[in-house]
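Novice: Below are the chains, spelled out letter by letter.
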Amino acid sequence: MTTTPSAARTAGAAMPDGSPRTHYLNATYGLKSWLLTRDHKRIALLYLVSISVFFALGGLMAVLIRMELATPEGDLFQPDIYNRLFTMHGVLMIFFFLIPGIPAVLGNFLIPLMIGARDLAFPRINLLSWYLYSIGGLFTLWALLHGGVDTGWTFYTPLSTNYVNTSVITVGVGIFIAGFSSILTGLNFVVTIHRMRAPGLTWFRLPLFVWGAYATSLIQILGTPVIAIAILLVAAERTLHIGIFDPKLGGDPILFQHLFWFYSHPAVYIMILPSMGVVSELVATFSRKPIFGYKFVAFASIGIAVLGFFVWGHHMFVSGQSIYAGVIFSVLSMLVAVPSAIKVFNWTATLYKGSISWDTPMLYALGFIGLFTIGGLTGVMLATLGIDAHVHDTYFIIAHFHYIMVGGAIMGYLGGLHFWWPKITGRMYPLFWSKLSAIVIFIGFNVTFFPQFILGYLGMPRRYHSYPPEFQVLNVMSSAGATVLGLGYLMPLVYFIWSIRYGPKAPSNPWGATGLEWQTTSPPPVENFLTQPIVTAPPYTYPAPKRAPEVTRGV
Amino acid sequence: MIPSSPVLPDQASDVARSVDHLMLYALSGLVFFSALIAILVLVFMVKYRRKSDDEVGIDIYETNRKSHVLELVWSVIPLGLLLILFAWGTKVFFEQNRPPAGAAQYWVTGRQWMWKIQHPDGRREIDELHVPVGKAVQLRMISEDVIHDFYVPAFRIHVDVLPSRYTTYWFKANRTGSFHLFCGQYCGTEHSKMVGHVIVMEPRAYEAWLAGEKTSPSSSAVASGDELFVAKSCNTCHRPDSSARAPILNGVFGTQASLNDDTKVLVNEDYIRESILNPAAKVVAGYQPVMPTFKGQISEEELIQLVNYIKSLKAAPAATAEAGK
Numbered sequence: 009m010t011t012t013p014s015a016a017r018t019a020g021a022a023m024p025d026g027s028p029r030t031h032y033l034n035a036t037y038g039l040k041s042w043l044l045t046r047d048h049k050r051i052a053l054l055y056l057v058s059i060s061v062f063f064a065l066g067g068l069m070a071v072l073i074r075m076e077l078a079t080p081e082g083d084l085f086q087p088d089i090y091n092r093l094f095t096m097h098g099v100l101m102i103f104f105f106l107i108p109g110i111p112a113v114l115g116n117f118l119i120p121l122m123i124g125a126r127d128l129a130f131p132r133i134n135l136l137s138w139y140l141y142s143i144g145g146l147f148t149l150w151a152l153l154h155g156g157v158d159t160g161w162t163f164y165t166p167l168s169t170n171y172v173n174t175s176v177i178t179v180g181v182g183i184f185i186a187g188f189s190s191i192l193t194g195l196n197f198v199v200t201i202h203r204m205r206a207p208g209l210t211w212f213r214l215p216l217f218v219w220g221a222y223a224t225s226l227i228q229i230l231g232t233p234v235i236a237i238a239i240l241l242v243a244a245e246r247t248l249h250i251g252i253f254d255p256k257l258g259g260d261p262i263l264f265q266h267l268f269w270f271y272s273h274p275a276v277y278i279m280i281l282p283s284m285g286v287v288s289e290l291v292a293t294f295s296r297k298p299i300f301g302y303k304f305v306a307f308a309s310i311g312i313a314v315l316g317f318f319v320w321g322h323h324m325f326v327s328g329q330s331i332y333a334g335v336i337f338s339v340l341s342m343l344v345a346v347p348s349a350i351k352v353f354n355w356t357a358t359l360y361k362g363s364i365s366w367d368t369p370m371l372y373a374l375g376f377i378g379l380f381t382i383g384g385l386t387g388v389m390l391a392t393l394g395i396d397a398h399v400h401d402t403y404f405i406i407a408h409f410h411y412i413m414v415g416g417a418i419m420g421y422l423g424g425l426h427f428w429w430p431k432i433t434g435r436m437y438p439l440f441w442s443k444l445s446a447i448v449i450f451i452g453f454n455v456t457f458f459p460q461f462i463l464g465y466l467g468m469p470r471r472y473h474s475y476p477p478e479f480q481v482l483n484v485m486s487s488a489g490a491t492v493l494g495l496g497y498l499m500p501l502v503y504f505i506w507s508i509r510y511g512p513k514a515p516s517n518p519w520g521a522t523g524l525e526w527q528t529t530s531p532p533p534v535e536n537f538l539t540q541p542i543v544t545a546p547p548y549t550y551p552a553p554k555r556a557p558e559v560t561r562g563v
Numbered sequence: 310m311i312p313s314s315p316v317l318p319d320q321a322s323d324v325a326r327s328v329d330h331l332m333l334y335a336l337s338g339l340v341f342f343s344a345l346i347a348i349l350v351l352v353f354m355v356k357y358r359r360k361s362d363d364e365v366g367i368d369i370y371e372t373n374r375k376s377h378v379l380e381l382v383w384s385v386i387p388l389g390l391l392l393i394l395f396a397w398g399t400k401v402f403f404e405q406n407r408p409p410a411g412a413a414q415y416w417v418t419g420r421q422w423m424w425k426i427q428h429p430d431g432r433r434e435i436d437e438l439h440v441p442v443g444k445a446v447q448l449r450m451i452s453e454d455v456i457h458d459f460y461v462p463a464f465r466i467h468v469d470v471l472p473s474r475y476t477t478y479w480f481k482a483n484r485t486g487s488f489h490l491f492c493g494q495y496c497g498t499e500h501s502k503m504v505g506h507v508i509v510m511e512p513r514a515y516e517a518w519l520a521g522e523k524t525s526p527s528s529s530a531v532a533s534g535d536e537l538f539v540a541k542s543c544n545t546c547h548r549p550d551s552s553a554r555a556p557i558l559n560g561v562f563g564t565q566a567s568l569n570d571d572t573k574v575l576v577n578e579d580y581i582r583e584s585i586l587n588p589a590a591k592v593v594a595g596y597q598p599v600m601p602t603f604k605g606q607i608s609e610e611e612l613i614q615l616v617n618y619i620k621s622l623k624a625a626p627a628a629t630a631e632a633g634k
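Residue numbers (this note's numbering), protein chains in the order written: chain A, 9 to 563; chain B, 310 to 634.
Derived from the structure by calculation, the hints contain no laboratory data. For glycine and all other residues, C-beta sits at the position ideal for the given N, C-alpha and C. Watch out, some of these pointers could steer you wrong.
Stretch by stretch, here's where chain A covers chain B in the computed footprint (C-beta under 8 Å, at least three residues) [unchecked claim]: (1) 398 to 408; (2) 455 to 464.
Only some residues are given here: those of chain B computed to face chain A with a beta carbon under 8 Å [to be verified]: (3) D363; (4) Q494; (5) V599.
Modelling step: build the complete structure from the supplied sequences, incorporating the hints.
Specialist: This is the structure:
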């Protein structure tokens with residue numbers, strides 16, 4: 009991808025070392041300039057700070073859960089406290105970290121840059137999304153301070169509507185509000201990608217991250233309203249005793265599961281598709297060649313998004329749903345595995361005859377491929393009726409979805425953060441420590457979650473505060489691994505913060521990548537590009553243009 | 310009981326063995342593909358490591374016509390393997406979910422946080438289920454409050470226990486021993502204490518267990534249901550004569566009943582239960598919706614007894630004779 013030579017003539021705006029004098033970070037100062045900003049890049053940073061807070065809180069709860077499970081007896085917390093811990097861990101991680109995570113941070117920052125636009129289509133709505141997310145998050149934190157909620161993040165009825173006395177409605181409202189943030193972000197991205205691409209940037213010249221974000225946005229727009237409806241119905245039954253789910257009031261408890269999973273299964277793809285997009289960018293950049301089978305990978309994202317809406321019933325094989333419905337959902341779930349397999353094979357084939365560098369983002373990307381492969385293949389086992397009937401709601405499930413959501417989504421998120429950090433902040437982070445963090449996280453993750461596959465097959469149910477003593481050895485391994493994993497996550501936190509002040513200045517294109525975002529300065533100017541970039545080639549055309557004109561020394 | 314293997318739970322039924330074989334197939338696929346990807350990635354990482362700063366990769370996709378064939382190959386082969394897995398998994402699932410004819414019927418009532426179990430002869434126990442080895446056992450299950458789930462890892466099957474209708478769990482234990490029974494669906498505060506054991510015994514030991522240590526005289530579900538039928542005054546309307554204000558229940562179980570709205574319904578356990586709790590929902594043709602609801606006045610266990618009693622009512626000899634004419 010190339011820009012016209014005339015792009016972004018800044019008329020002496022560059023510092024002697026090549027970085028621009030003014031950019032989006034120092035154009036204005038003060039709290040107000042951040043809280044009222046309409047700049048997609050600043051909003052991305054607002055999201056980065058807020059989702060990091062929720063990640064830290066959710067992680068803290070995971071630490072407490074693993075401490076309790078180090079011994080078979082429920083001796084650290086009361087059962088009610090333990091139940092709140094795993095519920096709030098799930099709610100915070102899923103609704104306030106993973107779902108907004110990559111779209112709202114990396115998507116917000118990158119989509120306009122990648123398509124050569126000035127901003128998103130609706131900058132004010134973008135800011136509104138962040139406020140909605142924050143209000144939703146504050147509601148949930150407020151509920152947390154008032155005792156939290158103990159229904160499990162799945163809120164199954166009638167337990168959630170008539171049998172618990174915790175803050176179900178407050179947390180529900182929090183998720184409800186945050187849902188609108190998700191819908192508006194998706195809408196903003198879809199319109200932006202349709203309407204604001206630079207001249208020459210056809211659909212098949214889009215970076216694969218944009219394809220991933222596009223597919224994700226479709227799910228956010230179409231799926232989120234259903235969870236909103238389900239939450240409202242739970243609130244209606246709790247407060248007004250309208251019989252919707254509780255059979256004692258004339259309702260049907262299974263109906264809730266259908267509504268819940270109709271959103272919450274596609275929601276898994278909200279978490280993983282953008283991560284896959286990141287990995288496509290990383291694999292191409294650090295192999296310095298186009299992604300093998302670009303169109304297959306692009307359409308696989310859309311295929312996953314569409315098929316993802318037809319597999320929700322695989323969460324309900326043993327719920328009392330008809331066994332013939334189970335058969336249909338099983339075969340559809342097998343089909344959704346195919347586009348994921350295509351992606352993994354294409355990434356691997358991209359490495360062939362590449363020029364591969366072992367930079368930090370690449371290590372994260374390879375970690376993603378390994379963990380996602382195991383997560384995906386165990387997902388296939390769970391889509392198999394005969395296996396799921398045994399391991400359903402055991403630690404096998406816990407291990408599987410952590411391989412997808414933590415091993416997959418978070419590895420991709422961290423890989424992306426390491427890749428674009430120089431662009432976002434204009435600073436480099438220490439290479440040694442960052443490579444070490446990728447390795448520590450990979451090892452810590454596997455030690456934590458691999459034993460849980462075995463625990464699950466042995467029959468240890470999830471959400472157990474105490475468990476039979478024969479399961480202890482594997483649980484202790486898991487808790488030990490979680491300690492390593494926790495340390496691994498702390499490392500980027502420390503050196504990223506360090507780098508903002510002390511890190512060496514980053515050049516415009518430290519990795520020698522293609523992509524419009526690397527054609528502007530690090531950090532980018534408020535306007536992103538000073539003149540409209542024009543695209544004349546497909547993505548990932550190497551060698552990359554030497555240097556962005558606006559940072560050429562002495563211009 | 311400590312499982313005999315560190316990675317496999319006890320295998321206490323033929324179905325459990327089927328599940329393990331299926332798992333082995335899936336696992337071999339997992340190991341093969343994970344190893345394939347891992348090896349390829351590592352080999353490429355080393356072999357194609359960047360040699361100089363201005364080196365670029367070689368794009369072989371557009372230049373090589375075989376690329377599209379390759380895409381096809383790695384789409385179709387996994388699809389084929391997945392469909393085999395699907396078909397095999399479905400076969401095992403049917404084994405897990407379809408009890409053989411003639412299985413002995415036990416009743417399970419789940420509530421926060423205990424399992425109440427009733428044997429075919431009326432014997433009751435809590436959090437323990439004693440069964441004879443080698444006999445097919447079918448559990449009809451219902452919950453008094455939230456959704457629970459009956460899970461015995463040694464039999465490799467979970468089934469949710471619903472508050473709205475009966476679900477079925479079945480197994481045929483092929484070895485004696487004591488096996489974990491877990492609640493497999495999160496059900497509130499003491500979820501992890503809603504556990505117990507399935508104790509599989511030699512048939513003689515089971516008979517002895519049934520006969521022995523009887524603390525209170527227990528009558529069969531049918532007999533208790535008979536008493537309830539009178540106690541709840543069901544018999545004032547549902548009596549076997551033509552002037553009754555309600556349908557005659559003799560011989561009705563398992564038949565198709567015609568309803569007021571010209572539809573038909575299979576008279577099964579769920580229909581009988583529903584008709585006691587919510588009589589106006591599906592009224593038999595020719596009758597008025599005059600029956601009062603028993604919702605809140607009758608426990609799930611009493612409902613089970615009534616259902617059993619009504620199931621046991623054979624068609625009256627007179628009616629049979631009439632039908633024979």
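Novice: Run every hint past the structure and note whether it holds.
Specialist: Taking the hints in turn, this is what the structure says about them:
Figure legend: the region 398 to 408 of chain B, annotated as covered by chain A; annotation consistent (9 residues with Cβ-Cβ distances under 8 Å, at least 3 required). Judged by the Cβ-Cβ criterion of 8 Å, the region 455 to 464 of chain B is covered by chain A as claimed, because 6 of its residues qualify and three suffice. The interface hint given for B/D363 holds, since its Cβ lies 7 Å from the closest Cβ of chain A, which is under the 8 Å cut-off. A cut of 8 Å between beta carbons decides the hint on B/Q494: the least distance to chain A is about 6 Å, and the hint holds.
Nearest Cβ of chain A to the Cβ of B/V599: about 20 Å, over the 8 Å cut. The hint is violated.
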